[in-house]
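One line per chain: the protein sequences are Y and E, in this order.
Read in order, the letters of the first sequence are residues 1105 to 1758 in the working numbering.
Read in order, the letters of the second sequence are residues 1105 to 1758 in the working numbering.
Everything labelled a hint here was simulated from the structure, so no lab data went into it.
It is possible that some hints are incorrect.
[Said to hold, decoys possible] Quick partial rundown of chain Y residues pointing at chain E, CB under 8 Å, derived from the structure:
#: 1; residue: T1251
#: 2; residue: H1252
#: 3; residue: L1275
#: 4; residue: P1278
#: 5; residue: L1282
#: 6; residue: E1426
#: 7; residue: T1440
#: 8; residue: P1443
In this text, a Cβ means the ideal position worked out from N, Cα and C, and glycines have one as well.
2 protein chains.
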Amino acid sequence: MTTAENSSSYEITFLPSNRRVKVAAGVSLIKAAHLAGVHINASCGGSGVCGKCRVILEGGTVEGGRSEKLSSAEYAEGYRQACIAEVNGNATIRVTAESELAAGAVPTEVPIRHQARMHVFDIDTLKKEGVFLPPIEKRVLHLPEPTHEDNRADAGRIIRGLHKEHNERGLVTPLPVLKKMRRALRDKNFEVTVTLSRAVGEGSKTHIVNIQPGDVSHRNFGLAFDIGTTTVHGSLVDHQTGRLISRRSDYNAQISYGEDVISRIIQAEKPKGLQLMHELVVNTINGLITKLLLKTDIGRDELTSITLAGNTTMTHLLLGLEPHNIRRAPYVPVSTFFPPIRARDIDLELPLRAVALVYPSISSYVGGDIIAGVMGSGMYRTEPVTLFIDIGTNAEIVIGNRDWLVCAACSAGPAFEGGGITHGMRAAAGAIEDFSINPVTFEPMNITIGHKPPIGICGSGLLVIIATLFENGIIDRQGKFDRSLDTPRIREGRSGFEYVLTWKEEAGGNSDIVLNEVDIENFTRAKAAIYAGCKTLVEGVGLHITDLEQIILAGAFGSYIDLDSAMTVGLLPEVNPDKIIYVGNGSLLGSWMSEMSNHIRRDVVEVVNKMTSFELSEVKNFHDQYVASLFLPHTDLSLFPTTSKRLKKNGQTA
Amino acid sequence: MTTAENSSSYEITFLPSNRRVKVAAGVSLIKAAHLAGVHINASCGGSGVCGKCRVILEGGTVEGGRSEKLSSAEYAEGYRQACIAEVNGNATIRVTAESELAAGAVPTEVPIRHQARMHVFDIDTLKKEGVFLPPIEKRVLHLPEPTHEDNRADAGRIIRGLHKEHNERGLVTPLPVLKKMRRALRDKNFEVTVTLSRAVGEGSKTHIVNIQPGDVSHRNFGLAFDIGTTTVHGSLVDHQTGRLISRRSDYNAQISYGEDVISRIIQAEKPKGLQLMHELVVNTINGLITKLLLKTDIGRDELTSITLAGNTTMTHLLLGLEPHNIRRAPYVPVSTFFPPIRARDIDLELPLRAVALVYPSISSYVGGDIIAGVMGSGMYRTEPVTLFIDIGTNAEIVIGNRDWLVCAACSAGPAFEGGGITHGMRAAAGAIEDFSINPVTFEPMNITIGHKPPIGICGSGLLVIIATLFENGIIDRQGKFDRSLDTPRIREGRSGFEYVLTWKEEAGGNSDIVLNEVDIENFTRAKAAIYAGCKTLVEGVGLHITDLEQIILAGAFGSYIDLDSAMTVGLLPEVNPDKIIYVGNGSLLGSWMSEMSNHIRRDVVEVVNKMTSFELSEVKNFHDQYVASLFLPHTDLSLFPTTSKRLKKNGQTA
C-alpha cells in the first residue's frame, strides 16, 4: 500500500502548485501527482504511449521517464514522462504547460483523495489485552521415570505433569496420541513436548493432540483461509508468536463452472456435482497449503489447525452439504453452525490431528466471510455504532456495536466487479483504477493497474470516474451528461451520451474506452441498493443514518475505494473520513484471528446468536429507500451535508 | 442353569435316604442325585461305560437309562443306569446296594453343594431406579416447513424442534449428519427421527449422530463385548427396551499366538506384531457382530454404539497401543483411560457414527474387565463391604463398597484353568466338573461335562475333588494322603501318593485319571495366593477378613464354583453362602450396563479414580499371609469357624 500517510520515504514537490507528497521508492510520478492532488493529462493509463504526461524534473532525481516520445534534447532539458518515471529520491517536478491549460488559475490542482485508514493487526496489543490465546499451544514436560512406587500409566504421568508443571486441567487424550506416547516418552528420557488444543466452550476439555520427544515447543503452526467465490486466500500462521509466515492466493478452481454462487449451486445439483464442487475447492486449498509451505522449513505434519471462512454457498460446497435450497425461496441453508471437523474428513491434506474450524453463517446470503470480518474488525466488542460493509456482487452489511448487531445482504448487482458496465472489467492489468480530470479542458488522467494501456474500468475506477464527472458538473444528479460542454470527449453514443476515457489509439484494445449513461444508471442502482440497505437497517433498529460513528470496509473493492468519491455519489453514508477503516480481506483476517485467539472462537457463537438478520425484500419501506437513493448522492441532501457543501463550492448546482 | 432352587419342574425322590430335589426335564439322574446330596458310584463320568451307577425306578418315569450293561430282564425290573437316564417327570429312585456299601449307615448321603445365587439383571428395576438411561436415544420430530418468515437453516430447525418438543439442549451436529439433513427433512414432509448420543460428563454436549426420514424411533441397537484373552463374548442390545437380543462368543483369534497375555505381548513386540494382534482381535469382534445379527432383522447400519471391556493387555492390543511395558517392571501400561473412539478408527465394521467406549483399567494387571464387573455388579454403590473376585490365571480382587475400593491382582498360576495339574484341562467335554465320594468305600461319583468318559479335571472339578478328599479325611491339612486307608484307589505314583478317579478302562484316554500330591500342592499355592491377597488387601485398609459382608464371583470359573468346597479348602473367606452372588461374565455384564445407562458411564470415572491399587508383591506381610494360607483351609482355623465345625463333625481331625 502506498498512500500519502504511510510507507513514505521520499518527498516529491509539484510546481507550480507547490503541493508535496511523501511516497516510497518505485512509485510512478503520475501516481505521486495523483496522491498530491495534482492533475497531469495521461490518457494512456501510464503506459508511455500518449506522451501527454511530460513534466520537468527541476531538482532531485527520478528513475526512467523516457520513451520514443521524448527526444534526447528534451530529456537533457529535464523533460520526463510522468507515467513511466519512478521515484528514487526527493524531487521537484514542474507540471508543464503542455499538460495543462495554457492560461490562468492553477488547474493542476484537483481534490486529494482519501483512502480509508488501514486496520493494523497488532499482535503485541492483542497480547497486552489478553486476547492472544492461541487455540493450539505446546508445553514441554520433564517427567520422572516410572518406579515401583510410581508406576502409573504413561498417559497418567503426562496428565499429572501437565497439571503440576503447567496447571492444565480437564485433558482428553485421543487414540492417535496414546499410540505415540510410549516411544515419545522413552526417546528423550521422559522429556516431551505435548500439543494442546484448547477447548472453546465452558466445561469443554482441552485435547492433547500430539506428543513429540524432547523440546520442540517453538514449532507450532496453523492455517487461516478465506474461501472466496472467485479467489481463495490462505495464510500460514505461527501459533507461538502470532506472526504471519506466508500468504498466498489462487483462483477457486470451481470458477470454470460459473462465476457466481448460483451457477455453482446449479452445478452441485447435477449428479456427482456436489462432490465435484467439493473436490475443486479442496484441491485449491491443498495446492495453496503446498505453496504456503514453500521456502519455509515447515512440514505439512507440523500444521495442527486450520480456520476457514467463506460465504454460505462456499461453506456448503467445502463441507459437501447440499446447497440446493440456498437458491430457492425461502432460501434455507442446511446449517449455519458447523462443529469442529477433522481436517481429513473434508479431504484436506493435513495431519490426522488437524482440526478444521469453519466460520458460522447467519443465513443463505450473510455468510461466514462476513462473520469473520466482524470478528476480525473487533466491531462486536466496541462502543461506537459501526457500519461494516463488504462490497462485491452482493454487498453484505452489518450494523451495530458490542450491544446489538443487525445484518442484511443487498443484491447490488455486479457493477462493482465490472458487470453490466460497457467497458467494465475485473481489477486486473489494464483496468483504469484511478482517475482525475482537468476541470477546464476535461482531459483525463487515467491510472491503470500495472501501467498497461487501458482496456477497461474496474470497480474502484468506476466509482472515482463517476464521482469526478459529477463533481465537475459533467454529469448531473440523475447521472445525465451536460450536453452543452465543448469537448470531443463528450459525445452521443449507442447508449446515450458518453465520456471517452481513452481514444482507441492509446488504448490496449481496438476501440475507444467510454463510460455512458446506461453504465452510470447501472452503477447508481448498485450504490442505491447498498445505501438503501444501510438506511433501512439502521432505521429498523430505531436509529438514523447520521448516528453511524464508524465505517469498516472489507473486501477487495474496499481496499481501493476513494472515500470522498464514495460519499460524493452516495454509496457510503457521510462520516468523517478518519472514522473509516479498511480491514482488507475481512474473511481472512477473521480466520487468522481465530487461529490466534480462543476468545474469538468463543465470542463468535455469541455474535452469531446476537445478530439479527433482515431480509430487505421483506421490509416494507426498503423499496422507497432504494428509489430515493437513485440520485447522486441522494434525493435528500441533508443526509450528505459536507458533500453538498463541497459540491456547491466546486460550482456544482447541487 | 439348573440348581435345586430355580428352573425346577419335576421332583425326584431318592430312597432310602428320602432326599428330594426339583430339577428340569432332561437332567441326568446322576446330576439330580448329586444336587440332592446323594452319592451314586459312577467312575466313568456318566458315559454309561462302567455300569456301576444302576438304580431302581420305583415310581414315576425317566427317559432312557439303558446300555448293554443292563439286560432286558433287569430293565423290566426297573433297573436304570443313573448316568444315562434323564428326568422327564416326577420319579422315585432307589439307590441300590450294588452302588453303595452293603451295611449300615446311610452312606448315600453326602453334603449338598451350594452354588452362588445368580445375579439377575432386571431392566424394570433399573428403570424404576432411574438408572435406565441409554447413551443412545431416538426422538421423533414433526417440524413446520420453512416459510419466508421462518427460513432458518435445516439444522437450526431440528435443534429448535428438539428443544421445543423434547426439551433437549446443548446439541452438536457432526458433519455426516449435516450431509443427510436436507433430504431427510424433505423425504417425509419434515417428519424425522434423530438419534441422540448422550453426553456423559457435565458440561458435555449431546451429539445428533443420525437423522432418518419418518418415525423409526423403535429401531435403536448397540453392542456389548467382553474381550477375553481366550474367548470373546458379544451381546446385541436393544437401546429402546434394554433387552438383550442375542449373545455369541468365539475364541479370540490371537490364541494361536499363545494362551496368556505375556505371550501376546511378546508377539506384539515383533515387527508388525502389534498390528497383527490388533487385526486378529478385531476380526474376531467383526465376525461376532455378523453372527449376532444373524436371524435378526437388524442391519449393521442400525448399530450406533459398542462398549468393550477387557484386561489391560487385551485393551492395548484392541486399540493398537504398545503393551511392551506391561510385562516389564515396573509394569507401566500406556494408558488406563480411553477416550470415546470412533468405532471405525479401530477397524470395527460399524457405521461411521458408531462410537466405541472402552472400559478403563486400573493398572497393568487390573483391567477394564474387572472395572466392568464392579460396575455391572453394582458393588460400588451399596453399603456392604464386598469382595469381588474374578478367578482365572490371574485372580483379580476388588474389596470395598460405595465409600472406598481397593484392588489387586494375584498371580494365582494356571491351576484353576487346569494348568500344572497332571490331568488338568480346560472346562470342555470330558472334564470332570463335579464329584462326590462314598465315605466308606471311597468309590467316586464323577460328573463330566457332556456326559463323556473322563479325560481330565477342570478347575471346578479340582476344587470339589480336593475339598471332598479333605472332608473325608483322605488328605490332611497339608494335602498329604492318609496312606493307611485300605482302597486300591489310593496308591503311590510317580509324584507321591495319588487318588485314582477313573480307571483306564472307563476313561476317555488310555491311562488312569489321577490326582496326586503335587497337583494338590499346586492347587494349594493358587488358592493361598488368592486368599492371602484378599486378607492383605482387607487388612491394608484396617479391616479384618471377617468384616466381609458379601462376595461377588465373576468369570467362567465362578459360575461352577462350589461354595462349601471353596471355604473348605480356604479359597474363599468364610461367609454365609447366601451372601455370595455370581454375576457370570462380569466384563460382559458391565459392558451391557454401559449400553443401558449413562449413569454407569459417568460413575465409572469416579470408581476408577476412587480405586486404590495394591501391588501385593510390594506389601510387606503378603508373603507371610501367603505361607499361612498354604494349609487346608488355613493355619488359623479361627478364620473358618463354620468350616472347622463341619470338618470336626465329619470326623476330620481339623
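So, going through the hints one by one against the coordinates:
For T1251 (chain Y), the interface hint holds, the least distance from its beta-carbon to any beta-carbon of chain E being 6 Å, beneath 8 Å. A hinted interface residue such as H1252 (chain Y) counts as satisfied when its beta carbon comes closer than 8 Å to some beta carbon of chain E; here the least separation is about 5 Å, so the hint holds. Given the 8 Å rule on beta carbons, the hint for L1275 (chain Y) is violated: about 10 Å separates it from the nearest Cβ of chain E. For P1278 (chain Y), the interface hint holds, since its Cβ comes within 8 Å of a Cβ in chain E; the closest pair sits about 6 Å apart.
A hinted interface residue such as L1282 (chain Y) counts as satisfied when its beta carbon comes closer than 8 Å to some beta carbon of chain E; here the least separation is about 5 Å, so the hint holds. For E1426 (chain Y), the interface hint holds, the least distance from its beta-carbon to any beta-carbon of chain E being 5 Å, beneath 8 Å. Interface restraint check for T1440 (chain Y): the shortest CB-CB distance to chain E comes to about 5 Å, inside 8 Å, so the restraint holds. The closest approach between the C-beta of P1443 (chain Y) and any C-beta of chain E is roughly 5 Å, which is under the 8 Å cut-off, so the hint is satisfied.
Hint violations for this structure: number 3 only, all remaining hints satisfied.
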